[in-house]
Amino acid sequence: MNIRSAFLASPKFELRIPGDTGTGESAFFRIAEDWRPALASAANFQPEVAFVFDPLSIPGEALQALPGIKVGVVTQPLTPGELSEALRRQRTGIGVLEWFTWFEEPPPEVRDLPLLSIVATSLDTRRLPSPPNLEQVAIAVPAWARPPGLSLDAELVASEESWPDCLEKLSRCGVMVYYSSEPLQLSMPLLPLALAHGLLLVSNQAFPPECGIEQEDEYLVRPVKDWARVVEKEQKGLGYFRAVRARAFQKARELFDASIVFRRLAVDATILKATCRTSPTRRQW
Amino acid sequence: MTIGFLVFDVVNITGGGNAIIEHAWGLQRLGHRVCLVVLGQLPPEPPTWHPKLSDLTLLSADQAVTERFDFLFATWWLTFFELWRFESRIYGYFNQSLESRFHSESRLKLLNRLTYSLPLLFVTEAKWLEEFIRLMQPQAEVVRIPNGLSEQFFPRVSEPPRQASALRVLVEGPWGFPFKGLAEAFGVLDQARRDFPFEVGWLTSHSGGVLPAVGGEPVKIFEKLPISEVRRVLREFDVLLKLSRVEGVFGPPLEMFSQGGTAICSAVSGSDEYMMHGRNCLLVDRLNERRAVRYLALLNEDRKYLDQLRRGGLETARQAPDWSTSAALLASALEKLDSRLVNFRLRPALKALAAVQLECFSTDATPSSRGLLGRFLQRWRSFPA
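Each protein sequence line maps, in turn, to chains U and W. For the first sequence, our numbering assigns the number 1 to the initial residue and increments by one for each residue that follows. For the second sequence, our numbering assigns the number 1001 to the initial residue and increments by one for each residue that follows.
Among these hints, one or two may not hold up.
Unchecked claim - Here are the simulated distance ranges between beta carbons:
no.	chain 1	residue 1	chain 2	residue 2	range
1	W	A1213	U	S162	34 to 40 angstroms
2	W	P1218	U	R222	42 to 48 angstroms
3	U	R222	W	S1158	55 to 61 angstroms
4	W	P1218	U	P131	46 to 52 angstroms
5	W	A1213	U	P208	24 to 30 angstroms
6	U	E135	W	R1089	29 to 35 angstroms
7	W	P1218	U	S162	42 to 48 angstroms
8	W	Y1305	U	K225	35 to 41 angstroms
9	W	D1195	U	P108	45 to 51 angstroms
10	W	K1220	U	E104	37 to 43 angstroms
11	W	Y1305	U	E210	24 to 30 angstroms
12	W	P1051	U	P108	40 to 46 angstroms
Simulated from the structure, these hints should not be mistaken for laboratory data. Built from N, CA and C at the ideal position, the CB exists for glycine as well.
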């Protein structure tokens, strides 16, 4: 069941979109400041399903011209203005999106929007190293996730870095330490990328079970005071955590591979009816 | 060649056990001498759940120590630590899952990792395990032999059976193992039952005495059926619901396909081997597990789509190899390796790792007595060291 799918997004989302498979099954249309050329090209592509990232950045009237089922991919919290615009479009039927995907469990105020799925993240894994280099042991730490009171000789990844720069840095490392005051989420920047590189992810917080990332098998949760010892074990070169890193690499592909994620979503967008109001995650919606 | 498989027990019905029995039987049929070395209690008579068990040679550990194997395979991960006890030219590991994922205790996970620490001959059925083993042991011989689908026990139907008026949903899996996702499956059914009626059955090797109800109605239980009777149950249902967290390669969905049904399953490691979302089944990821409720509603409302998936499943089952093909592939691989691979020198290293395992189990903690591992260890300790 191959469904012709178009992806409309700004270049910053390029790593989240499936690369060209050469089958003509999907195509990526980069949205620049002027969205009209991309929209016109996408319309010419005649998609059966169109995935529109940050959909409210394009006027509703313009989206009308796009053929196929339109799925809005929401990647960050909506502002109150965006939220009311989304609801207005649903009410008026102008520029309406048949479906939305949300980056986390959506808030109650969007219950009137048709939710197709939660998509925390996706990765074009063909751009990432495969197989992973499990011999590397250098440490990476995101600038926003540095543990207080701990000094480690680590590669600092800054928030303003572009994704090619992040990939370059991560590909030189073998461990990522990540301090957080809240439970880890798949939508937190760099975490899926670190897993997909086969880095040993060490954090003081755990992912909630529903994320599907398996503690101790695919990443480690340790108090900050133990991090130096964990890193030392890995840096000894015994392969103490090799299995964890190998599974992180695999799990990231199982969960986030963009071609798998969006192929399933394209199927769901065509078979499910928007009137079916069951939340994909909640017991009661 | 003389080929041995170390198994803990042959009494309990498991998919992994079925694969071992089918391979052993197939290798024997091709002229090899094959033994199942039972490390737990050797039953006085072969269990009847799998008819092929009565054709196979079952040896106790005491009997097997006098054997000289050409190939000796560990199977369930703890059997790895017993390989050293037996003489073999080639030590192997028939690895059907990453069993560290079955356990929550860090100590057991660490022990499990030791089972990948030597360049044994690895045989596996799953692409993801093949990749994992190669990442763990780049020097090891790794052979992937896809599981078969028994033509004898699961003959492909010519057409999907006629649909009944109500959707019929079958849950599959043993109770008592959280990673099998049974509670979640019944939760999904409970939620769906609020919207529309359907029939529910539960096919299980171990119900643990649990009597689940969906929408207040008791679920029809099919427990501990011989493998030859499973297809009769599968044919009574339209959809298999299986929300496991860990699998090597799903077996039951393919068996369901062979009898003209479809499946709603979790998208776990190994689900990509033959399950195609929207073509022969519907897959749910963990983050959107409750989408299974929507899928059930869809299949209930749109019987044409249900029929489309069932036909897709049957087509997949028709393309699956029979176990005789899989066993022939394994035999061919072993014959090639027989002349060029010798790893008996690993025996002292296997013994050293067994000492680590013994030390790990003898200090402080008593491993959880619940579940498969608990039952295993209770019997294991009565086994002479």
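Evaluation of the provided hints:
1. Checked against the hint of 34 to 40 angstroms, the pair A1213 (chain W) and S162 (chain U) fails, with Cβ atoms roughly 55 angstroms apart.
2. Look at P1218 (chain W) against R222 (chain U): about 46 angstroms separates their beta carbons, and that is inside 42 to 48 angstroms.
3. For R222 (chain U) and S1158 (chain W), the Cβ-Cβ distance of about 57 angstroms falls inside the hinted range of 55 to 61 angstroms, so the restraint holds.
4. Our hint of 46 to 52 angstroms for P1218 (chain W) and P131 (chain U) holds, since their Cβ atoms are close to 50 angstroms apart.
5. In this structure the hint that A1213 (chain W) and P208 (chain U) lie 24 to 30 angstroms apart at CB holds, the actual value being about 28 angstroms.
6. A beta carbon spacing of about 32 angstroms between E135 (chain U) and R1089 (chain W) agrees with the range 29 to 35 angstroms that was offered as a hint.
7. Roughly 59 angstroms separates the CB atoms of P1218 (chain W) and S162 (chain U), a value that falls outside the hinted 42 to 48 angstroms.
8. For Y1305 (chain W) and K225 (chain U), the hinted distance range of 35 to 41 angstroms is not satisfied, since their beta carbons lie about 55 angstroms from each other.
9. Distance hint check for D1195 (chain W) and P108 (chain U): the Cβ-Cβ separation is about 21 angstroms, which falls outside the suggested range of 45 to 51 angstroms.
10. A hinted range of 37 to 43 angstroms for the beta carbons of K1220 (chain W) and E104 (chain U) is consistent with their spacing of about 39 angstroms.
11. Restraint check, Y1305 (chain W) to E210 (chain U): a C-beta distance of roughly 28 angstroms satisfies the suggested window 24 to 30 angstroms.
12. Separated by about 56 angstroms at the C-beta atoms, P1051 (chain W) and P108 (chain U) break the suggested range of 40 to 46 angstroms.
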